[in-house]
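Residue-level listing of the chains:
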Amino acid sequence: MTMHDACAVDQHLTLAPKRIGDLENRPLCLSGKGVTKVFGTGAKQTVAVDHVDFAFHEGELVSIVGESGSGKTTLAKMLLGLISVTQGEICFQGKPRDISTSRKKREYWKGIQAIFQDPFSAFNVFNKIDTVLLDCIHMTGGRGLPHAKKVEMMEEACCFVNLKYAELTNKYPFELSGGQMQRLMIARVFLLKPRILVADEPTSMIDACSRATILDMLLQLRDEIGMTILFITHDIGLAYYISDSVYIMEHGKIVEQGTADEVILTPKAPYTKRLISDVPKIYEPWDLTTV
Amino acid sequence: MSNKVLEVRGLTTKYVTRFRENIYAVDNVSLSIEEGKSLGIAGESGCGKSTLALSLMGYYFAPLHYTSGEIIIDGKNISGMKPDEVRKNVLGNEIAYIPQAAMNALNPTRRIRRFVEDVILAHDPKANKKQISEMAEARFAELGLPASVLDRHPVELSGGMKQRTVIAISTILKPKVLIADEPSSALDVTSQKMVIKMLRDLMEKGYIRAMIFITHELPLLYNVTDDIMVMYAGQIVEQGTAKQMVFDPIHPYSRGLMRSIIVPEEGTRGHKLAAIPGTPPNLKNPPQGCRFADRCQYVVPQCRVSAIPMITFDNTREYRCGHAVQHLREVYSHDDA
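Those protein sequence lines, which keep their order, are chains A and B. Numbering follows numbering that gives the first Met the number 0, in which position 110 of the first sequence is assigned residue number 109; successive positions increment by one, without gaps. Numbering follows numbering that gives the first Met the number 0, in which position 261 of the second sequence is assigned residue number 260; successive positions increment by one, without gaps.
Since no wrong hints were added, every one of them can be taken at face value.
Partner residues are not named here, just some residues of chain B that face chain A (Cβ under 7 Å, in silico):
hint: 1; residue: 188
hint: 2; residue: 272
hint: 3; residue: 274
Now the stretches of chain A that chain B is said to cover, found in silico as 3 or more residues with beta-carbon under 8 Å:
hint: 4; stretch: 204 to 210
hint: 5; stretch: 236 to 242
hint: 6; stretch: 276 to 282
Everything labelled a hint here was simulated from the structure, so no lab data went into it. Values in this document were obtained by computation on a predicted structure and should not be read as measured data. No residue lacks a Cβ here, since even glycine has one placed at the ideal position from N, Cα and C.
Given the sequences, and given the hints that come with them, work out the whole structure.
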């Protein structure tokens, strides 16, 4: 199904996500060694992320799973270059990442983008939706394009996320519902076409029924554009459904990693076992005595 | 005849806007819960789940207004009571309510003990404070909360602990019915499990006699409640036991909901995930026929002609759709293949 067909078919049906098998043969997109973040100094020191190693391949969908306070979002912010790294090295497309100046940072952000948990605070309230989308075209070097071409690109992006561009022009982001705003966020990502997308709990503020649509779009971004997606969530069921590989984080450390099937179906770390047992299930009885 | 703790017949409530428009957010809802049973209400945001919860308490304040119908708790009709009367006689000892952000319901400057006293004194002004304390300590211990919680301020407790404290306080008078409106959706999985365990303990130890549990997380409903009711645009569209609803949903909307379930189990992986396209109708002028028609895959012109009544099938189940049950089952099995 191409992107244009996607808007003709209003019913968004997802096929079970394809798992990619040849991960080792793919080039590394983002990797890190001994990445650490320490907040505060002296007695008030908190180690939020503690010597974390990771390697994300091109076109891979990776989930990072952990409870509140396990350091998932801090890790994501470090990867995005929003906060500094206390110790360790992050490599982007095989080379050590250099974001020492704001110019270099802007260049880096062309390759890595994010969707956050709260769509309501993700937009500038003074900018209309056209402006939001136009900015993305300008950011990727499309400033000189004729207006008609820009409109066509914006229409395509809206179409990709099942929104109607004609209905959005002249509206402000806050006039949309939460689910629509989150989709608009994905339309931005579609225009920017970064190499890596960091999705930090993109579905936790959306009800279960609209969740499938968002997941479907992330999978399409991966399959059609070849984006590497880093999916951060506390819902282990969601991670299992969508991802190729899973990293489990506890208190800033990665306690288990592997393919989705390995980690979820045959968990080894006690923490992973506990996370899985805490989720209500359909096919197995839910053991409430282990609280 | 079985003992019905809560019975609701044809309850209709409306919101009145500034422009005098009526929005019927709960439209002709009937339900009943038997002693010791729990009922789950599922549906997407804005379908009227929370309004139904507020309406069931009989506690109406503008812009929500009571229109018609009866709410009978253990043989006592509470519909049409004045808000003051409801607060004194119904809330707390007949019906208790836990909102989604229950943890924000606690005044940060007061100790937990004071909230317990407030609840009891509101219903019995002559109660002895020492007895209240003893009773609260015993009850907290029984529900797995340390007695030291009573002397803490709300800010000293974690989110999950606050939520459990609110549940313990609101059920201190042994209400007959507990309405839990998304009590765990702001919590992580481990705290959620503790909250669920506490609700189950309350039922088992007889502190509540029936429970209504509202959420959009279906795996949770499946594990917690005996029956599930699906709401759409202010109306009940299907009801049945939890097992029937999850494994054999009949209404196209229920089926859509059930297909959005994701659990970390082997069976999940091969499943197609389905999203229901579009958004719910505007209830200012709801569609004439089936309210789900605009989003339904299986819509036919007759669906839009006249309102569709609830139809009983398989003896105990009910649904609201123009298609026959047999036809829908055939279509679904064909779809799955």
